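Novice: Residue-level listing of the chains:
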Amino acid sequence: MTNSNGTRLKLALPTKNLEDPTLSFLSAAGLRVHRPNPRQYVASIPAVPQIEVTFQRAWDIFTKVDEASVDLGITGLDIFSERHEDDDNVIVIADQLGFGKAELVFAVPESWIDITSIADLAELSVEYKEQGRDLRIVTKYHHTTRRWLYTKGITHFTLVDAEGALEAAPSLGYADLIVDISATGTTLRENHLKQIAGGTILKSQTCLIGNRRELANSPAKRAGTKTLLELIEAHLRADHYISITCNLRGSSPQALAASLNADTRLSGLLGPSISDVYPRAAENGAAWYTCTLVVERTLLDEAVTHLRSTGGTDITVFTPSYVFSERSDLYDRLLAQLDRTE
Amino acid sequence: MMTTHRIDRVHGVSDVLPDEYRALREIQTQIEATYARSGYISIAVPILEYTDLFLRKSGEAIITRLYDFQYRNRRLCLRPELTASAIRAYLDHLQAEPLPVRLAYAGPVFRYETPQSGQPRQFTQSGVELIGANGAMADAEIIHLAAHGLDTVGITNYRLIIGHVGPLLHFLHRLDLNKRLRSFLLLHMETLRTAGVERLTELITEIDPSFNSGTPQPSAEIAATDSQLLALAHSTISTSGGTRDQAEIIAGFLTKISRRDQTAALHRALEFMSALCELSGDPQTVLTEAAQLLTHFDSEPAPLNELSQLIDLLAAYGLDSSRITLDLGLTRGLQYYTGTVFELHHDDLGPADPLCGGGRYDELVGVLGGPANIAATGSAYHLERLRRARALEQQPTAAPDLDAIIIPATEADFRRAIQIAEGLRAANLHIELSLTAQALPDAPTSAAARNIPVAVIVDADAAAVGVHQLPTGSETQMPAAQLADYIRQHKIR
Numbered sequence: 222m223t224n225s226n227g228t229r230l231k232l233a234l235p236t237k238n239l240e241d242p243t244l245s246f247l248s249a250a251g252l253r254v255h256r257p258n259p260r261q262y263v264a265s266i267p268a269v270p271q272i273e274v275t276f277q278r279a280w281d282i283f284t285k286v287d288e289a290s291v292d293l294g295i296t297g298l299d300i301f302s303e304r305h306e307d308d309d310n311v312i313v314i315a316d317q318l319g320f321g322k323a324e325l326v327f328a329v330p331e332s333w334i335d336i337t338s339i340a341d342l343a344e345l346s347v348e349y350k351e352q353g354r355d356l357r358i359v360t361k362y363h364h365t366t367r368r369w370l371y372t373k374g375i376t377h378f379t380l381v382d383a384e385g386a387l388e389a390a391p392s393l394g395y396a397d398l399i400v401d402i403s404a405t406g407t408t409l410r411e412n413h414l415k416q417i418a419g420g421t422i423l424k425s426q427t428c429l430i431g432n433r434r435e436l437a438n439s440p441a442k443r444a445g446t447k448t449l450l451e452l453i454e455a456h457l458r459a460d461h462y463i464s465i466t467c468n469l470r471g472s473s474p475q476a477l478a479a480s481l482n483a484d485t486r487l488s489g490l491l492g493p494s495i496s497d498v499y500p501r502a503a504e505n506g507a508a509w510y511t512c513t514l515v516v517e518r519t520l521l522d523e524a525v526t527h528l529r530s531t532g533g534t535d536i537t538v539f540t541p542s543y544v545f546s547e548r549s550d551l552y553d554r555l556l557a558q559l560d561r562t563e
Numbered sequence: 077m078m079t080t081h082r083i084d085r086v087h088g089v090s091d092v093l094p095d096e097y098r099a100l101r102e103i104q105t106q107i108e109a110t111y112a113r114s115g116y117i118s119i120a121v122p123i124l125e126y127t128d129l130f131l132r133k134s135g136e137a138i139i140t141r142l143y144d145f146q147y148r149n150r151r152l153c154l155r156p157e158l159t160a161s162a163i164r165a166y167l168d169h170l171q172a173e174p175l176p177v178r179l180a181y182a183g184p185v186f187r188y189e190t191p192q193s194g195q196p197r198q199f200t201q202s203g204v205e206l207i208g209a210n211g212a213m214a215d216a217e218i219i220h221l222a223a224h225g226l227d228t229v230g231i232t233n234y235r236l237i238i239g240h241v242g243p244l245l246h247f248l249h250r251l252d253l254n255k256r257l258r259s260f261l262l263l264h265m266e267t268l269r270t271a272g273v274e275r276l277t278e279l280i281t282e283i284d285p286s287f288n289s290g291t292p293q294p295s296a297e298i299a300a301t302d303s304q305l306l307a308l309a310h311s312t313i314s315t316s317g318g319t320r321d322q323a324e325i326i327a328g329f330l331t332k333i334s335r336r337d338q339t340a341a342l343h344r345a346l347e348f349m350s351a352l353c354e355l356s357g358d359p360q361t362v363l364t365e366a367a368q369l370l371t372h373f374d375s376e377p378a379p380l381n382e383l384s385q386l387i388d389l390l391a392a393y394g395l396d397s398s399r400i401t402l403d404l405g406l407t408r409g410l411q412y413y414t415g416t417v418f419e420l421h422h423d424d425l426g427p428a429d430p431l432c433g434g435g436r437y438d439e440l441v442g443v444l445g446g447p448a449n450i451a452a453t454g455s456a457y458h459l460e461r462l463r464r465a466r467a468l469e470q471q472p473t474a475a476p477d478l479d480a481i482i483i484p485a486t487e488a489d490f491r492r493a494i495q496i497a498e499g500l501r502a503a504n505l506h507i508e509l510s511l512t513a514q515a516l517p518d519a520p521t522s523a524a525a526r527n528i529p530v531a532v533i534v535d536a537d538a539a540a541v542g543v544h545q546l547p548t549g550s551e552t553q554m555p556a557a558q559l560a561d562y563i564r565q566h567k568i569r
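Protein chains in written order, with my numbering: chain A, 222 to 563; chain B, 77 to 569.
If you are wondering where the hints come from, they were derived from the structure by calculation, not from laboratory data.
No experiment lies behind these values; they were computed from the predicted model shown.
Idealized CB from N, CA, C, for every residue including glycine.
You may find that some hints are simply not true.
Every beta carbon over 12 Å from chain A, so not counted as near; a handful from chain B, in silico [to be verified]:
#1 127
#2 134
#3 326
Here are the simulated lysine-lysine pairs, DSS-like style, with alpha carbons at most 25 Å apart [stated by the list, open to error]:
#4 A:373 / A:237
#5 B:255 / A:350
#6 A:350 / A:415
#7 A:350 / A:424
#8 A:350 / B:567
#9 B:567 / A:373
#10 A:322 / B:255
#11 A:361 / A:350
#12 A:415 / B:133
#13 B:332 / B:255
#14 B:255 / A:373
#15 A:350 / B:332
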């Protein structure tokens with residue numbers, strides 16, 4: 222069913238409203254996409270020359286990856302959830318690229334004041350079944366909706382194909398309620414629809430998917446994917462960290478390290494690195510040191526307080542571009558999915 | 077460079093290869109003969125049905141696994157079981173027959189199992205339905221037939237587990253539970269048995285977040301009544317209710333605020349269900365303990381009388397009572413059962429793989445549009461599991477499918493080889509005709525490697541043919557007219 226597509230690593234990027242955020246994301250990760258002509262649908266990434274970029278619609282990217290006309294693709298988790306079958310060739314390589322966030326939700330007419338939760342909807346479904354009435358749900362996400370409702374014990378419903386604007390379906394009368402992707406809920410409210418408690422099927426964002434067979438069979442493609450993943454992962458991780466440098470007075474580097482290490486969360490990824498400072502005006506009794514440590518961004522305030530209490534001053538804070546760890550977790554996860562070790 | 081991959085087999089379905097195919101056919105023939113001896117007539121029903129046939133009364137376990145699809149504006153499915161189809165066929169064609177009607181059937185069924193379950197997505201059911209018969213006599217006939225079929229096939233290490241959904245149905249019916257939770261509990265008795273009450277509580281919380289597994293709390297919904305009534309008044313003038321009219325929404329709202337908190341009832345149900353699950357073992361002991369339990373929960377004893385009578389009748393059939401376990405936690409997860417249910421388990425197959433299952437389903441005929449008063453009971457084997465069970469008990473014999481191979485020595489001998497082969501086939505022997513001329517000594521050697529007992533070399537000698545008896549390698553010449561007898565003597569099929 223699948224055809225091998227050569228040795229170049231082909232990456233599909235989404236067009237339309239996901240295009241700009243995807244390009245910004247890649248650029249921030251050091252993977253700027255070079256597109257010689259904005260009207261062309263092919264491009265390259267100079268940082269990883271073996272990658273060949275094409276632009277496709279987000280919904281088509283899943284299919285392109287499955288049929289191996291591309292090896293990798295950036296698309297939405299909502300689309301993956303809808304298109305994925307247990308026997309296809311598509312795997313999620315990175316599930317949280319951190320942008321394109323939206324939720325797949327149920328929405329019912331605002332005036333259904335008796336339906337405020339998924340449990341109420343389940344009751345309505347049973348009631349409709351007894352009355353021999355269909356509970357019609359209009360959605361583009363048939364598989365995802367059906368699977369999810371089944372896990373909630375709701376089995377009486379009919380899924381209706383989307384015709385034009387989904388949000389209008391209840392007032393036009395061709396469906397009773399809708400399941401749709403919503404980033405802010407504004408469109409739903411404007412159409413007099415409301416979400417219900419427990420009615421979120423999926424929290425979606427963009428993800429990187431890949432063709433299992435192509436990646437398993439080609440060391441060259443895995444090598445290109447590894448470079449891509451290393452940069453993406455280190456960039457994503459960098460978002461969570463800050464680098465703090467500060468001058469400290471102390472009796473010895475060991476004594477300083479001991480007091481800094483007292484709080485393991487605030488003493489860097491491994492521990493502080495401490496080096497000598499040579500002050501212009503010598504002071505009696507104490508030496509000056511400079512110390513650099515990388516801590517989680519959320520701990521900035523605590524870290525500064527901790528450094529001050531240890532005698533710190535001249536505290537400067539930087540945002541790292543990348544934070545690399547010993548191995549790439551994303552790449553290790555990919556190898557595990559391919560049943561390989563390297 | 078383009079390389080073409082092979083097209084894979086669809087996940088979860090299997091090819092049946094010759095040895096397995098032969099074993100399955102043999103088992104099916106033996107089972108059908110057993111059915112026929114008790115007056116069950118075989119019918120065949122379609123693999124494709126309208127999905128609605130199975131949505132009416134099947135449990136969640138079936139509905140969520142349906143191969144359900146839209147084709148040219150029709151909602152169709154591959155049948156997940158055969159009972160509903162058999163009843164539909166009865167309603168379509170056989171209603172004029174005097175009751176009871178005894179039907180037998182066999183064929184593939186399809187269920188979209190998760191890969192984790194390890195269950196196949198296609199398997200073969202062979203079953204019977206006894207339509208229009210009530211009472212222990214009918215239940216005993218079906219259960220005996222199911223157990224006796226295993227005897228016929230040569231499976232000996234099996235156990236019979238009998239239950240009754242009556243006590244649970246009655247109890248849940250009397251509790252003030254909404255219908256959805258009631259059917260959910262009924263379907264998840266199996267979860268309670270296998271995964272415990274904590275897991276079931278988790279599942280309930282998932283479908284009904286208001287269910288509090290701790291102490292019951294006053295419903296937040298009722299506290300919000302005033303503001304919602306205001307919202308109602310507001311909505312009446314501002315927006316449409318889509319496909320539901322105002323009266324319906326208000327009725328729904330009133331039902332909702334008048335609905336009592338379900339927590340207490342759910343706890344009571346879980347308590348009763350857990351107690352039922354404990355009742356499993358030797359029939360007489362379980363019947364005594366069950367009588368006490370039902371008295372304690374103030375529930376009807378009628379199902380126990382039915383079970384007691386059933387056990388007596390099974391003894392009359394000669395069913396070894398040490399094989400029988402009475403298990404009041406057995407419900408089989410199918411929403412259509414109304415009385416006795418049973419399963420046959422093999423000692424060496426897992427508890428999730430019963431050889432056979434069945435029970436009484438007195439409401440199904442009515443639900444599918446037939447007369448409401450037609451009781452029915454039935455059972456179905458999982459044929460592939462029967463084959464596995466039999467293979468565990470007795471070494472399958474690898475018998476060859478052929479009795480002889482006819483080999484023309486040269487192309488000039490083709491016509492005579494055809495005539496000889498057709499003559500032997502007419503004598504009911506299994507004969508392969510070589511499609512190419514083969515010279516000695518290669519011809520008999522390749523046949524011997526395939527475990528064919530006799531090779532016949534047809535050459536220019538019109539009076540006789542060369543016959544090789546392959547296991548020994550002995551070679552003789554004989555007139556073609558004597559071949560049939562010779563091959564019959566040496567056949568090992």
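Novice: Need the status of pair residue 373 (chain A), residue 237 (chain A): alpha-carbon distance at most 25 Å?
Specialist: With Cα atoms ~34 Å apart, residue 373 (chain A) and residue 237 (chain A) exceed 25 Å; violated.
Novice: Are residue 255 (chain B) and residue 373 (chain A) close enough, with their CA atoms no more than 25 Å apart?
Specialist: 15 Å, holds
Novice: Sort out whether residue 567 (chain B) lies within 25 Å of residue 350 (chain A), counting only the CA atoms.
Specialist: Cα-Cα ~62 Å, so violated.
Novice: Check the non-interface label on residue 134 (chain B): least C-beta distance to chain A beyond 12 Å or not.
Specialist: Not fine: 9 Å to the nearest Cβ puts residue 134 (chain B) too close to chain A.
Novice: Take a quick look at whether residue 415 (chain A) and residue 133 (chain B) sit within 25 Å of each other, Cα to Cα.
Specialist: 32 Å, violated
Novice: Regarding the pair residue 255 (chain B) and residue 350 (chain A), is the alpha-carbon distance no greater than 25 Å?
Specialist: 11 Å, holds
Novice: Given the hint that residue 567 (chain B) pairs with residue 373 (chain A), does the C-alpha gap stay at or below 25 Å?
Specialist: 60 Å, violated
Novice: Within 25 Å, alpha carbon to alpha carbon, are residue 350 (chain A) and residue 415 (chain A)?
Specialist: It holds: about 23 Å lies between the C-alpha atoms, which stays within 25 Å.
Novice: Given the proposed pairing of residue 361 (chain A) with residue 350 (chain A), does the C-alpha separation stay at or below 25 Å?
Specialist: 23 Å, holds
Novice: Verify this label for me: residue 127 (chain B) is non-interface relative to chain A, using a Cβ-Cβ cutoff of 12 Å.
Specialist: 10 Å, violated
Novice: Does residue 350 (chain A) pair with residue 424 (chain A) here, judged by a C-alpha cut-off of 25 Å?
Specialist: 30 Å, violated
Novice: Decide if the proposed pair is consistent with the structure: residue 332 (chain B) and residue 255 (chain B), CA atoms, cutoff 25 Å inclusive.
Specialist: Measuring from Cα to Cα gives roughly 13 Å; hence the hint holds.
Violated hints, listed in ascending order, are 1, 2, 3, 4, 7, 8, 9, 10, 12; each of the other numbered hints is respected by the structure.
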